[in-house]
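Q: Sequence:
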Amino acid sequence: MKQEPQQYNQQDQQNSQFGRAQIYPNQRVDYYEASLSIRAKISIAKDILAKLSESDRRLALFRGTCFGPWLDIQSKYGDPLLIHIMLQTQFFPEGALTDEMWFRVGGHELRFGPEEFCLITGFRFGPRDALPEMRGNPFRDRVFPHLAGHKHVKGSDLRSVFTSRAFAQISDLDAVRICLLLLLEVGFVGRQQSLVVADFFLCLVEDLDSWDRYPWGSYLWALTHEQLKTALPRRQHHVSVKSDKQAKYTRTGFVYAFKIWIFEMFPVAKTCALRTNVIPRAIAWQRTVAITWERGLTFLNVNDDGLQPLMELSPTDAEQETDWWKDSKCFFDSIADDLQQPAKRSRSYSPPPPSFTGFGASSPVAAATTSPTPLEQRMAALEQTMCALQSSQRALEAGHRALEAGHRALEAGQHVILDSIGRLQETMQRALETRHHAELRSVSYTTLSRR
2 MKQEPQQYNQ QDQQNSQFGR AQIYPNQRVD YYEASLSIRA KISIAKDILA
52 KLSESDRRLA LFRGTCFGPW LDIQSKYGDP LLIHIMLQTQ FFPEGALTDE
102 MWFRVGGHEL RFGPEEFCLI TGFRFGPRDA LPEMRGNPFR DRVFPHLAGH
152 KHVKGSDLRS VFTSRAFAQI SDLDAVRICL LLLLEVGFVG RQQSLVVADF
202 FLCLVEDLDS WDRYPWGSYL WALTHEQLKT ALPRRQHHVS VKSDKQAKYT
252 RTGFVYAFKI WIFEMFPVAK TCALRTNVIP RAIAWQRTVA ITWERGLTFL
302 NVNDDGLQPL MELSPTDAEQ ETDWWKDSKC FFDSIADDLQ QPAKRSRSYS
352 PPPPSFTGFG ASSPVAAATT SPTPLEQRMA ALEQTMCALQ SSQRALEAGH
402 RALEAGHRAL EAGQHVILDS IGRLQETMQR ALETRHHAEL RSVSYTTLSR
452 R
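So for the sequence shown, our numbering puts the first residue at 2; every next one is plus one.
Since the hints were derived computationally from the structure, they do not count as laboratory data.
Using 27 Å as the maximum straight-line C-alpha spacing, the simulated DSS-like pairs for lysine-lysine come out as follows:
1) Lys42 to Lys230
2) Lys271 to Lys42
3) Lys230 to Lys330
4) Lys47 to Lys155
5) Lys230 to Lys249
6) Lys77 to Lys249
7) Lys155 to Lys42
8) Lys52 to Lys155
9) Lys249 to Lys42
10) Lys42 to Lys52
11) Lys47 to Lys77
12) Lys77 to Lys230
13) Lys77 to Lys271
14) Lys52 to Lys77
15) Lys230 to Lys246
16) Lys47 to Lys271
17) Lys42 to Lys77
18) Lys155 to Lys77
Just the calculated beta-carbon pair ranges, DEER-fashion:
19) Asp305 to Thr231: 30 to 36 Å
20) Thr272 to Leu196: 36 to 42 Å
21) Asp142 to Ala51: 24 to 30 Å
22) Gly307 to Ser195: 46 to 52 Å
23) Leu174 to Glu95: 50 to 56 Å
24) Lys271 to Ser315: 17 to 23 Å
25) Ala439 to Gly69: 56 to 62 Å
26) Leu196 to Asp73: 24 to 30 Å
27) Leu404 to Glu295: 54 to 60 Å
Every residue, glycine too, gets a C-beta built ideally from N, C-alpha and C.
Please take these sequences and the hints and turn them into a complete structure.
A: Okay, structure coming up:
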């Protein structure tokens with residue numbers, strides 16, 4: 002069933018001062034300070050790196066997962082002031098898709114959507130299929146035996162095992178599983194420690210291959226987008242707060258990715274952060290200067306030469322070769338085909354005259370530009386089939402590599418067993434020789450005694 006893009010009602014925008022400020026482009030926007038608390042703490046990645054560095058095997062196992070690159074994150078700061086400032090530039094264009102956000106800065110309209118989130122984080126997008134039913138919860142029963150039965154695992158339980166001496170005693174794989182869940186719950190989602198960890202993820206982490214194949218981009222984007230899009234428009238009291246009391250609000254979700262998107266889009270970011278050429282982009286930035294309110298406002302000054310924001314984020318050659326982008330691109334293209342909508346692009350904005358309404362659904366121009374031909378539909382279907390075949394090929398290649406690794410591990414195990422057998426035989430031989438010599442000495446001593 003096709004999903005029609007949601008259109009935002011203009012009356013909804015007029016329900017708050019924030020909305021009114023964006024409807025009339027010529028109206029002056031008064032940006033206001035507020036205390037934004039970001040629950041997701043990406044700094045947990047530093048703690049995980051320090052803990053895993055105590056074991057080369059554990060560190061290698063974690064780096065081999067889809068969360069591995071996040072151990073190399075360079076900046077742990079969320080910069081809530083910058084995020085709060087940028088959220089005040091949000092607006093709602095007609096025909097905007099439900100899963101994207103738009104920001105208007107200095108006459109430029111900038112898009113933050115699933116594609117941008119994917120390029121920033123390196124997390125794969127795709128359909129979120131349910132796991133097959135599992136009998137019990139082996140991971141929970143092993144690591145949290147006191148919670149066996151119907152008791153749920155909370156974030157505080159993960160943290161307790163991670164910081165306790167028992168962490169060194171559990172198996173290497175279970176230690177990695179604890180770290181994966183901790184990075185997800187604390188670093189990416191920002192869930193409170195008193196809340197329950199979903200049984201779905203406790204089952205998923207049991208199979209690390211399934212964990213790596215899971216479309217974390219789709220999952221985290223849905224959480225983050227919902228938190229960002231409702232941050233200000235539904236909080237009218239923010240702009241009417243008393244002068245002697247600062248407004249406060251809290252956001253969960255992976256808001257850190259939104260900050261990196263700001264860094265990527267605005268050249269002025271280079272005055273307060275350094276960027277290296279690594280993938281994904283979220284770990285490429287290192288903040289060098291604290292972003293105060295005044296420095297944050299400089300991101301909105303885009304009228305000078307060299308300070309204009311990028312029109313769009315495009316994948317580099319290296320990013321286009323990654324599996325997560327190839328799979329995500331196939332997913333994005335299939336969604337676009339279902340919606341029959343052209344891909345959204347960042348664009349320069351020229352305020353329309355008051356009488357301008359745009360092309361309606363009944364406009365012949367709109368119909369001519371949005372209705373695909375049968376040939377285009379067949380081409381799209383072929384492209385989807387090709388993407389599916391390519392994904393299957395990559396899965397087979399990964400399986401072949403896993404079999405080769407298993408074969409090598411088996412050969413290594415056989416060598417260890419043969420060496421152990423050889424050493425055991427040598428030990429037994431020495432023991433027999435020692436016993437034989439002892440018996441000879443005993444016989445000689447008895448003979449001498451009789452004489």
